[in-house]
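**Q** My request is simple: use the sequences and hints to build the entire structure.
There are 2 protein chains.
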Amino acid sequence: MDDRKLTPKEVRKLIREEKITGQTSGLCPGYAQANLLILPKDQAYDFLLFTQRNPRSCPILEVTDMGSRQLHYLAQDADVARDFPKYRVYRKGEMVGEYTSIDRFWQDNFVSFLIGCSFSFEAGLLEADVPVRQIEEHKNVPMYKTNIPCTPAGIFHGNMVVSMRPMTGEQAVKAACITGEMPKVHGAPVHIGDPSQIGIRDLQKPDFGEAVTVKEGELPVFWPCGVTPQNVVMEVKPELAITHAPGHMFISDIKNAALKY
Amino acid sequence: MDDRKLTPKEVRKLIREEKITGQTSGLCPGYAQANLLILPKDQAYDFLLFTQRNPRSCPILEVTDMGSRQLHYLAQDADVARDFPKYRVYRKGEMVGEYTSIDRFWQDNFVSFLIGCSFSFEAGLLEADVPVRQIEEHKNVPMYKTNIPCTPAGIFHGNMVVSMRPMTGEQAVKAACITGEMPKVHGAPVHIGDPSQIGIRDLQKPDFGEAVTVKEGELPVFWPCGVTPQNVVMEVKPELAITHAPGHMFISDIKNAALKY
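Protein chains in written order, with numbering that gives the first Met the number 0: chain E, 0 to 260; chain L, 0 to 260.
Mixed in with the good hints there might be a few duds.
Pairs count within a copy or across copies, as identical chains cannot be separated in the list.
[What the hints assert, rightly or not] List time: in silico DSS-like cross-link candidates among lysine-lysine, alpha-carbon distance up to 25 angstroms:
#1 Lys259 <-> Lys12
#2 Lys18 <-> Lys40
#3 Lys254 <-> Lys91
#4 Lys214 <-> Lys259
#5 Lys40 <-> Lys214
#6 Lys8 <-> Lys91
#7 Lys8 <-> Lys138
#8 Lys204 <-> Lys254
#9 Lys91 <-> Lys173
#10 Lys12 <-> Lys138
#11 Lys259 <-> Lys138
#12 Lys138 <-> Lys4
#13 Lys259 <-> Lys8
#14 Lys214 <-> Lys173
#15 Lys8 <-> Lys173
#16 Lys91 <-> Lys4
#17 Lys138 <-> Lys173
#18 Lys4 <-> Lys214
#19 Lys254 <-> Lys138
#20 Lys254 <-> Lys214
#21 Lys204 <-> Lys40
#22 Lys91 <-> Lys12
Treat the hints as calculated values from the structure; they're not laboratory data.
**A** What follows is the structure, encoded as structure tokens:
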């Protein structure tokens, strides 16, 4: 079975049945993927404000009504508690477990934030002959904590997390133009070139995901990443928060092209 | 004194001193202008969610911290309670007065939402030889209630308000391309042509602002408008809400070009 030929609806079904539990880069090219943060309603205003103030790392695609597991925009038949391949549960900033469903943890006061994901623009990069190394190498994308501060909002503060794709300088120009058109899935790169300028010590030791090969003559290109909220949660230590596992996204019915308008 | 040569900071000073109390279309071309809605914190989450779900009519430029009259992004020296030329105070959905300052009404639980304004893209239209009729005729832009429903969020629901600029079909194409690049100030038109299709009966009787001349061979072109929150407030009737008077905007230090990124 070639997963890449499946529709988003078919992939979500396989994910809900726990037949797909891995990372989702390269699945359903052309369709927007989404990161997740679930918080109790008490913290929802502060986080919604945080996303408004940090649209590059936290571009909101949809926010659910309190207690609802349904979506109305990204898909009509989704269950937020079961349709990500893998979730992480955080208590007081500590990850206490990874789960393929969070059905048992569900609370009536949960609000779910679905946040744009850079996997969404990879189909556009491939179309323009810009390589996407982690797809070539069948890995999860490398992600790094940076020293770039987010703008605080209420209780939330912390630094930006970035994803990295290596490419030549010419490809980086194309990649900036292509992704700059897609602000809802993180938009243009936040940095190109020297990792140390944004506080990354070793490209071969990502904080999330897996290291990929950087070839001779390639530059690392960094995009704001929807794992930023997890970094913030680890920093702020709210009583309870649930996220997706990095790289393990929700696959929506919305085409990336539709996110431009 | 030619107001159009003044910097945003100079214009805000004149507004604060109540030397400018009129509408702001055409002032400080190239700089973003902003609509206003102030609500007590209790309603702020529902409204912030409303803006997330209705980004075309309510593109958020900045949200203040509770109780603060200061801005951090749109300007460094602003006072939200005095730097709009005119405000409207609504109690239970009824406008109870228009004021050039809301200093006396200020409450520690106020949250201010600054929302993008279509005046911001008019400099770009003029540059491309697209006429902006209300500037030519020294009037406030005509604004209309439509039958286009906003997506509800919590207590907030209601229909979109639009602004209208008449132009030829060829100019409308240019206008769509130019404004489509500026989603933070309402983006592309929501309708071109027949007003009755969006529930507008008579172009010569706008619900807000003033009627302008529509010449032979011109089409009315409609953009989502930041007066939409006022329509929503009149519909939902919260205990207390404060807005700008339609057309009487905040002039920011942010160039429109900077809003693209």
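**Q** Determine for every hint whether it applies to the structure shown.
**A** Hints versus structure:
For the homomeric pair Lys259 and Lys12, neither the shortest alpha-carbon distance inside one copy (27 angstroms) nor that between copies (37 angstroms) is at most 25 angstroms. In this homomeric assembly, Lys18 and Lys40 never come within 25 angstroms of each other (Cα to Cα): the closest approach is 32 angstroms inside a single copy and 44 angstroms across copies. In this assembly of identical chains, the alpha carbons of Lys254 and Lys91 never lie at most 25 angstroms apart, being 36 angstroms within a copy and 41 angstroms across copies at closest. Proximity of Lys214 to Lys259 under the C-alpha cut-off of 25 angstroms is found in neither arrangement, the shortest distances being 32 angstroms within a copy and 33 angstroms between copies.
Proximity of Lys40 to Lys214 under the C-alpha cut-off of 25 angstroms is found in neither arrangement, the shortest distances being 46 angstroms within a copy and 52 angstroms between copies. Within a single copy, Lys8 and Lys91 get their C-alpha atoms no closer than 34 angstroms, and across copies no closer than 45 angstroms, so neither meets the 25 angstroms cut-off. Proximity of Lys8 and Lys138 under a CA criterion of 25 angstroms is satisfied intra-copy only: 23 angstroms inside one chain copy versus 52 angstroms between copies. Taking the shortest Cα distances, Lys204 and Lys254 never come within 25 angstroms of each other, neither inside one copy (33 angstroms) nor across copies (40 angstroms).
For the homomeric pair Lys91 and Lys173, neither the shortest alpha-carbon distance inside one copy (42 angstroms) nor that between copies (53 angstroms) is at most 25 angstroms. In this assembly of identical chains, the alpha carbons of Lys12 and Lys138 lie at most 25 angstroms apart only when taken from the same copy (23 angstroms versus 56 angstroms across copies). Within a single copy, Lys259 and Lys138 get their C-alpha atoms no closer than 28 angstroms, and across copies no closer than 33 angstroms, so neither meets the 25 angstroms cut-off. For a Cα distance limit of 25 angstroms, the shortest separation of Lys138 from Lys4 inside one copy, 19 angstroms, qualifies, whereas the shortest one across copies, 56 angstroms, does not.
Proximity of Lys259 to Lys8 under the C-alpha cut-off of 25 angstroms is restricted to the intra-copy arrangement: shortest distance 22 angstroms within a copy versus 33 angstroms between copies. Only within a single protomer do Lys214 and Lys173 lie at most 25 angstroms apart by alpha-carbon distance; the minimum there is 18 angstroms, versus 44 angstroms between protomers. Taking CA atoms no more than 25 angstroms apart as the test, Lys8 paired with Lys173 passes in neither setting, with 31 angstroms inside one copy and 38 angstroms between copies. For the homomeric pair Lys91 and Lys4, neither the shortest alpha-carbon distance inside one copy (40 angstroms) nor that between copies (54 angstroms) is at most 25 angstroms.
For the homomeric pair Lys138 and Lys173, the shortest alpha-carbon distance inside one copy (23 angstroms) is at most 25 angstroms, but the shortest distance between copies (44 angstroms) is not. In the homo-oligomer, the alpha carbons of Lys4 and Lys214 never lie at most 25 angstroms apart, since the shortest distance is 30 angstroms inside one protomer and 53 angstroms across protomers. Taking the shortest alpha-carbon separations for Lys254 and Lys138, only the intra-copy value of 24 angstroms comes in at or below 25 angstroms, while the best inter-copy value is 41 angstroms. Taking the closest pair of Cα atoms, Lys254 and Lys214 never come within 25 angstroms of each other, the shortest separation being 32 angstroms inside a single copy and 40 angstroms across copies.
For the homomeric pair Lys204 and Lys40, neither the shortest alpha-carbon distance inside one copy (35 angstroms) nor that between copies (43 angstroms) is at most 25 angstroms. In this assembly of identical chains, Lys91 and Lys12 lie within 25 angstroms of each other by CA distance neither inside one copy nor across copies; the values are 32 angstroms within and 47 angstroms between.
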